[in-house]
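Q: Top line first, the protein sequences correspond to chains A and B.
All residue numbers in the first sequence are consecutive under our numbering, ending with 117.
All residue numbers in the second sequence are consecutive under our numbering, ending with 112.
No lab work stands behind these hints: they were computed from the structure.
Worth double-checking, as some hints may not be accurate.
Unchecked claim - Residues on chain A that point at chain B, a partial pick, calculated with CB under 7 Å:
| # | residue |
| --- | --- |
| 1 | 43 |
| 2 | 45 |
| 3 | 48 |
| 4 | 52 |
| 5 | 55 |
| 6 | 103 |
| 7 | 105 |
| 8 | 108 |
| 9 | 111 |
No residue lacks a Cβ here, since even glycine has one placed at the ideal position from N, Cα and C.
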Amino acid sequence: DAGITQSPRYKITETGRQVTLMCHQTWSHSYMFWYRQDLGHGLRLIYYSAAADITDKGEVPDGYVVSRSKTENFPLTLESATRSQTSVYFCASSESLRDRYYNSPLHFGNGTRLTVT
Amino acid sequence: GENVEQHPSTLSVQEGDSAVIKCTYSDSASNYFPWYKQELGKRPQLIIDIRSNVGEKKDQRIAVTLNKTAKHFSLHITETQPEDSAVYFCAAPREGNNRLAFGKGNQVVVIP
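Work the whole structure out from these sequences, hints included.
A: Here it is, written out as structure tokens:
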């Protein structure tokens, strides 16, 4: 899905540094999500956003900060990177929900492979 | 919250045979059940989904069946091909929350 792009594709950083992962979508989807993928854990939700200026925590939010000033962008910041944050990070988006239960397909970006040394 | 489990964690099949992956969920009110395929080094992509008012859905060689009473849904791949080798993730909605809970994934290996 070319409509959602992540940058950078690969990033190596040192422990304690701040790093920001970018996510941009062109569909004007209301919802955006950040997941991390680690072997044995599948996809775990870090943060999500229902609309501009509305964000909420997922399963594993500690050590991460998000913002969503514009509908199309949803950056993820690691304020002080730790080795445990070495992972593959996926951004995703979806259309507005039709009812209180999630029922819209997620569209994933290509991912960012982050290594913290 | 929703708890989603997938079995088996790894499945090896001979090319041409069928593969079945089962996913169980805990929230009886969940109404949407997608399957995502992730090839090595690539992003997860939706391959099929089903809503709670339907018992089965097919798309060429893949199908999903839903058993609401037992709270499980399964992915069926017929006439498997090498390009079906991937990790498959199931998901279900979390109660009262606008997000999906994912299983840990099933590695499917198609042996030529």
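Q: Now tell me if each hint is right for this structure.
A: Verification of the supplied hints:
Taking 7 Å as the C-beta contact cut-off toward chain B, the hint placing residue 43 of chain A at the interface holds, the least distance being around 4 Å. At about 6 Å, the closest approach between the beta carbon of residue 45 of chain A and any beta carbon in chain B falls short of 7 Å, and the interface hint on this residue holds. The beta carbon of residue 48 of chain A comes within 6 Å of a beta carbon in chain B, closer than 7 Å, and the hint placing it at the interface holds. For residue 52 of chain A, the interface hint is violated, the least distance from its beta-carbon to any beta-carbon of chain B being 15 Å, above 7 Å.
Restraint check, residue 55 of chain A versus chain B: the minimum CB separation of about 12 Å is more than 7 Å; hint violated. For residue 103 of chain A, the suggested interface contact is upheld, since its CB lies about 4 Å from the closest CB of chain B, less than 7 Å. Given the 7 Å rule on beta carbons, the hint for residue 105 of chain A holds: about 5 Å separates it from the nearest Cβ of chain B. Evaluation of the residue 108 of chain A hint against chain B yields a held restraint, the C-beta minimum of about 4 Å falling below 7 Å.
Below 7 Å, beta-carbon pairs count as interface contacts, and residue 111 of chain A has one with chain B at about 6 Å; its hint therefore holds.
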